Structures are given as structure tokens and as C-alpha cells.
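Model the full structure from these sequences, guided by the hints.
Below are the chains, spelled out letter by letter.
Protein chains: 2
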Amino acid sequence: MGKYKHIGEQSIRFEQPPYIIGSGCVAGKKEGEGPLGKYFDLIEEDPMCGGKCWEEAEANLQKKAVEIALKKGEIKAEDIEYLIAGDLLDQLVASTFGIMQFQIPLFGVYGACSTMGESLALASILVEGGFAKHAIAVTSSHTASAERQFRFPVSYGNQKPLSATWTVTGSGAIVVGNQKHSSGPYVRVTGVSTGKVVDYGLKDSMNMGACMAPAAAQVIGVHLRDFAAKPEDYDKIITGDLGVIGQKILFDLLKQQQFDIEKQHMDCGIEIYERTEQDVHSGGSGCGCAAITLAGYILEQFQKKQWKKVLFVPTGALLSKVSFNEGRTVPGICHAILLERED
Amino acid sequence: MGKYKHIGEQSIRFEQPPYIIGSGCVAGKKEGEGPLGKYFDLIEEDPMCGGKCWEEAEANLQKKAVEIALKKGEIKAEDIEYLIAGDLLDQLVASTFGIMQFQIPLFGVYGACSTMGESLALASILVEGGFAKHAIAVTSSHTASAERQFRFPVSYGNQKPLSATWTVTGSGAIVVGNQKHSSGPYVRVTGVSTGKVVDYGLKDSMNMGACMAPAAAQVIGVHLRDFAAKPEDYDKIITGDLGVIGQKILFDLLKQQQFDIEKQHMDCGIEIYERTEQDVHSGGSGCGCAAITLAGYILEQFQKKQWKKVLFVPTGALLSKVSFNEGRTVPGICHAILLERED
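Protein chains in written order, with the numbering used here: chain A, 1066 to 1408; chain B, 1066 to 1408.
Note that these hints are calculated values from the structure, not bench results. This one's a predicted model, so the numbers in the text were calculated from it and none came from an experiment. Cβ atoms here follow ideal geometry from the backbone N, Cα and C, with glycine treated the same way. Be careful, since some hints might not be right.
Derived CB-CB ranges, DEER-like [claimed, not checked]:
| id | chain 1 | residue 1 | chain 2 | residue 2 | range |
| --- | --- | --- | --- | --- | --- |
| 1 | B | D1111 | A | Y1265 | 43 to 53 Å |
| 2 | B | E1365 | A | K1386 | 37 to 47 Å |
| 3 | A | K1370 | B | E1365 | 54 to 64 Å |
| 4 | A | K1386 | B | S1220 | 13 to 23 Å |
| 5 | B | D1269 | A | E1110 | 50 to 60 Å |
Each computed SDA-like pair below joins lysine to any residue, with the alpha-carbon atoms no more than 20 Å apart [said to hold, decoys possible]:
| id | chain 1 | residue 1 | chain 2 | residue 2 |
| --- | --- | --- | --- | --- |
| 6 | B | K1117 | A | F1389 |
| 7 | B | K1386 | A | R1213 |
| 8 | B | K1141 | A | K1301 |
| 9 | B | K1245 | B | E1365 |
| 10 | A | K1068 | B | K1245 |
| 11 | A | K1141 | B | E1074 |
| 12 | A | K1386 | B | P1218 |
| 13 | B | K1386 | A | K1141 |
| 14 | A | K1386 | B | N1243 |
| 15 | A | K1373 | A | G1266 |
| 16 | A | K1068 | B | Q1081 |
| 17 | B | K1198 | A | I1072 |
| 18 | A | K1268 | B | E1391 |
| 19 | A | K1094 | A | I1140 |
| 20 | A | K1301 | A | D1408 |
| 21 | A | K1117 | B | V1387 |
| 22 | A | K1198 | B | Y1069 |
| 23 | A | K1141 | B | H1071 |
| 24 | B | K1386 | A | C1118 |
| 25 | B | K1313 | B | E1365 |
| 26 | A | K1386 | B | F1217 |
| 27 | A | K1245 | B | Y1069 |
| 28 | B | K1373 | B | E1080 |
| 29 | A | K1117 | B | E1074 |
| 30 | B | K1386 | A | M1331 |
| 31 | A | K1117 | B | K1313 |
| 32 | A | K1295 | A | K1245 |
| 33 | A | K1386 | B | K1198 |
With the Cβ distance kept under 7 Å, some of the chain B side facing chain A (calculated, not the full set) [stated by the list, open to error]:
| id | residue |
| --- | --- |
| 34 | F1196 |
| 35 | M1271 |
| 36 | S1385 |
Take a look at the structure:
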């Protein structure tokens, strides 16, 4: 076998870290009007994205994100060995119909809103292990398809508690390759800490930040121990969509592990909207939230040399409407991806 | 990066093929009464498997399959770096609740009934690439949870056309490792051909064999070309759940590619039931169908030295009840796993 690259309890340190050579992100109108709007490659003003139903709309977001990532990465679909895709919809239909036309061998993945972490981890593993020269990771969410599926159709105008989040409409795609792209600085995926299912017994699908925070605390804690690192070694530790309530719980739980990440922490769900003005309660959520923040804002900070080392930790809540209605808990899962700049 | 192990269009040839060191399979009562009944580790007579609802029943199947695989593989959960799990249920709730207790880092995957192919491929990739010493792949299906979700609750007694299949109740788990187990003969995963989404425009969820056959023909054809192999080089080429209608279409489509696999072909869905006596129409289906046939019957044939080289090709139909009701097509995806015996 290859040299053993697994370290500590749950982590991989890549020997020859893959490069992020292309990225694409498409955001909805509301996201385009938010504080990160200027970082997105494309703002889709039409909520249906040219489709006939919400599921088709979300599929079209994925299609466009992949097209942009391929273009910016200056690579053709036929030169990519694997596509790793997932979304929040039952049986991943946004991915199936969104990426079908590219005819790239597919690994479909599901990790709820942590999916960008899982797909980017697997894309990097495929490249670093010598199984591919290029792989592309893509995920999406759409506020209308997700709300209808998990809770109520948006058109019902159902009220939500302040602990609830707003599902981001958007899709992000990242091309990972085994060689440098034409121009630096380069962002490399240098490590991965893969999460476990963590269940603190919470059952409130209107407070997913609280459901996911224990899983985020578990994987961030284990990552820091596995890499013998301290929070201050990172420019940012970025969770996916904990929102303001989940963030508080994360800080508390990490303090129990003797880690204080308050200075380094950023949450994509908190950053992506003007919470009060845009009326999103606890923040943004969905696979698309972490994906477009990564493909848009985060990579841009690396390019501008603002950041050198970032831990990207998309956060996922594991429920279906059936499991929720059956009174099951909402466990969480999160994956931590270590991103480092090479000048 | 590691040495490039990708060959041809869609395949990997492992340099140091991982070993299958443990397997476990749990089957329902009906599957236990079928022709392969004696090969399953455990027949679960209770359709609820000790749970309170169908989803919990299916989760319990996964739990038991993993427990058996760990026991037979003589390995503890804490010595397994990754668990790759998936099922047919919305948001993979059978996997979430089935495998949570093992606390193994999780990659959740979805490939419809091809999921055992995807999870075994990724488990093998993780081991061969040096990212893990051991990984476990598990999938499941349950006739009651699947029928209610995709079509109608079983208790409705809805009639089905003869082209329909019967979803297998069962779960199979495979432990892959980088070293030989205590006793031979050994089965190694020597290659993988990863499938693409193939859409011939069919829309009939009661004829999934026809929906999946084009994807099976695509990946088997490309596998044979990528490995410069002929059908007669294999003892068996085993699809997941095409049933008798899908099998015919597969033969026809492969003949267009100049491959005749009629002598080598076996379909888990055809073998798992006495089709007429057990009233299953076109055959068995579901993630569990290929998984328990692999973990039970197929590995046993290797152990008995009946077979030396097998292409295992689980077949998946990509639909959700929403995509179906919206009039979308039912595309297929299949992954081919090359299994070879080492004495």
C-alpha cells in the first residue's frame, strides 16, 4: 500500500497536497444582496433559474457552478476523472440532473450541509492517492426546494422561531488537481479530519445550529489534537452554518476541551446575510452556504494574501422529514478541511 | 502525488490491491426463504427488526451487518478509520441511525441500488491510497421503507406490473484492509470502474431494470476496454438488480459494443428469489440485494475456490418520488468492482 498518511484519531495529512485550480459559485438574488454578494461569480436573479420546478432550479445552479469552475480552471470536463456531488434533496436529484450532462464518473455523497467538506475531502483523496489528476467537488441548496422538503413550502408563509436559519440558494464547485495552475498564489488542501455522527439528543429542526455544534466541536477538537495545533496557528476556523446560536454552543463546547477559538472563528451562515435587515433569524444554512462562501469569499482572501492557513468545517444536520416526524433526534456531522496558501 | 493508477477512460487498477478481510450480511425472512438463504449470516424473522418503524428496522439491519462483519473480520470498530455507508432512504437515515453507535468517521454515499459498488470502491481507494489501514462499506434496503417512500405503502396492496421488482430486505457490510487476514484464500479488490449517470429517457419507476441497463452496459463495456479484457476472462460478471427485463436489455446493448456476456452474466436480483414461487415479478432490487449477495453468496464462491475473477456491478436507478412526480426521467448509474482470488 501507499505510505500511511492517517494521523491521530481522525485525520489525514497529505504528503503532496492537491491544489485548488478552479472554482465556481452561483448565488441567488438574496445572497447576491448580502455582504458577500460581490464575491460570487454569478447572481441568478430568477428563483427558478430557468427551470420549471424548484428541483430543476437547483440542478441548474449546480450545472452553472461546474461550468464556471471548469472555465476558471481552464480545464475540460473530459479531463476530470471524478465528480463528487451531493445536495440536500431526497436521492440527490439536484446533483443527478445538474451534473449529468458533463458525463464525468460520479461519486454521489450525502453529509447534509457538511457535504462540501465531504466532497472536497474525497476529491483531494482521489487526487493525492494517484487515482485522478483532477477531480471536481460540487454541492448546492435552494431555499424553496429545501424548505418544502424538510419543513413547509415557502408560499405557506409559515412562521419560524429566531433559532431557525434561512437555506441559502446557491451552488459552489471546486476543481482539485495534482499540479499548480498557471498563476499563484496557490491554495492547497493539506489535510482532512473526517467527522463522526454526533448525537446530543436534540430534536428541533428549527434549531439546527444547536444540533450541529457538538459535531463541529468534536471534529475541530480532534483536528487540533491530531495536528498538534493551536487555534492561533490558523487565520480562520470557518464553520458552515451554525448561525449565532450554534456558534455560542461551539465556543462553550470547545472551551470544555481547553480550546478558545473565538478570535479565529467565522461562520459562513453568519457572514452571508445581513441577519436583521435580511430577516434570516439565526443565519444562513444549506449545502450551498459553505460551498459558495468557500468558492467565492474564502478563496479570494487567499488570493489577496489576507489568509495563509484556514480550517474549513462545513456542518451538517442529519434528518429527514420522516425521521423528524417519527420523533428521532437530529444528529450532526462535520468534516474539517485544512487549506494552506503557497506563494 | 502517488503513482497515477487511473487507466483508460473510467478505471483504476490498484497497485497493491486491498483485501476483503471481513463481511457480514443480514437478510429478511423472504430472502432467507429464497435460493441464497443458506449463505446469509443472519435471517431476521421480525420485519421490524426490533424497531418501532420501518426506518428504524432498516437501521437495525445495518447495525447487525456491521457487527457481524467486525466479528468475522476479527477487528474492533476503533481500529477502522472510515465507514462508508448509504441506503435508499431520504437523507440516508438508515445509515445515520444504524451506524452511529460505532463512532467511526463517516463518508455518507448515495448511488441508489449501486451504493455497495460506490462504498466498496471508496473503501478500497482509502486503503490502497494509504489513508486507512481498514475501512468498512455498508448498505441496506428494506422492502417496506423503500416501497412506502418511492411508491405506495406495502399495506395498500397496490398491484405492480411484471416489470417491477421486489425491494430486498437486508444489509451487507464488507471490511477492507491493507493486510491479509489469518486464513486464505483471499479476495482482493483489484480494480474499479466508476460509472457515469446514463439517461436513455425512460420514466417508468415500475421498470427499473430497463432504466438501469444502459448504465450497466456503459460501465461493463468501458471496464472491458480499460482493462483490455474479454468476458471469458471472468468467472462471473454480476449485476445488482436488473431483473429479467433489464438483463435482456443489457445483453442487447453490450452486443452493440461487440461484447457477449451471456455465459458469464449473473444478476443478484434474479438469483435471490424463486421468482415465480415467491411472486417477485422481474426479480429483487434495492441496495441490500447486491450487498447481501456479495457478502453472502459471492464471497463464499471465492472461498470454495469456485471462482477466481469476478466483476461485481451494482446497478442504480436515480429517482426520487419528487423527480418522478415532476415527470423527470429515471437515469441509471453503475459501478464495476473487480474482485480476484489469491490463494
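Exercise for the section: Hold the hint about B:S1385 up to the distance rule: shortest CB distance to chain A must be less than 7 Å. Expected result: holds (4 Å)
Exercise for the section: Quickly compare the C-alpha distance for B:K1245 and B:E1365 to 20 Å and report which way the hint goes. Expected result: holds (17 Å)
Handout entry: Status of the B:F1196 interface restraint (C-beta, 7 Å, chain A)
Key = Because about 5 Å separates B:F1196 from the closest Cβ in chain A, which is inside the 7 Å limit, the hint holds.
Handout entry: Pair hint outcome, A:K1386 versus B:K1198 [Cα-Cα no greater than 20 Å]
Key = violated (36 Å)
Handout entry: A:E1110 and B:D1269 - C-beta distance against the hinted 50 to 60 Å
Key = About 37 Å separates the Cβ atoms of B:D1269 and A:E1110, which means 50 to 60 Å is violated.
Problem - 20 Å Cα cutoff - pair B:K1386, A:M1331 - result: violated (37 Å)
Handout entry: Pairwise hint evaluation, A:R1213 against B:K1386, where the allowed Cα distance is 20 Å at most
Key = holds (14 Å)
Practice task
Take a look at whether the Cβ-Cβ distance between B:D1111 and A:Y1265 falls inside 43 to 53 Å.
Solution key: Cβ of B:D1111 to Cβ of A:Y1265: about 30 Å, so the range 43 to 53 Å is violated.
Handout entry: Given pair status - A:C1118, B:K1386, alpha carbons within 20 Å
Key = holds (14 Å)
Handout entry: Distance restraint hint 13 to 23 Å, applied to the beta-carbon atoms of A:K1386 and B:S1220
Key = holds (20 Å)
Practice task
Sort out whether B:K1245 lies within 20 Å of A:K1068, counting only the CA atoms.
Solution key: Holds. A:K1068 to B:K1245 sits at ~17 Å (cutoff 20 Å).
Practice task
For the pair supplied as a hint, A:K1094 and A:I1140, confirm whether the alpha-carbon distance does not exceed 20 Å.
Solution key: violated (28 Å)
Hints 1, 5, 8, 13, 14, 15, 18, 19, 25, 29, 30, 31, 32, 33, 35 from the list above are not met by this structure, while the remaining hints are.
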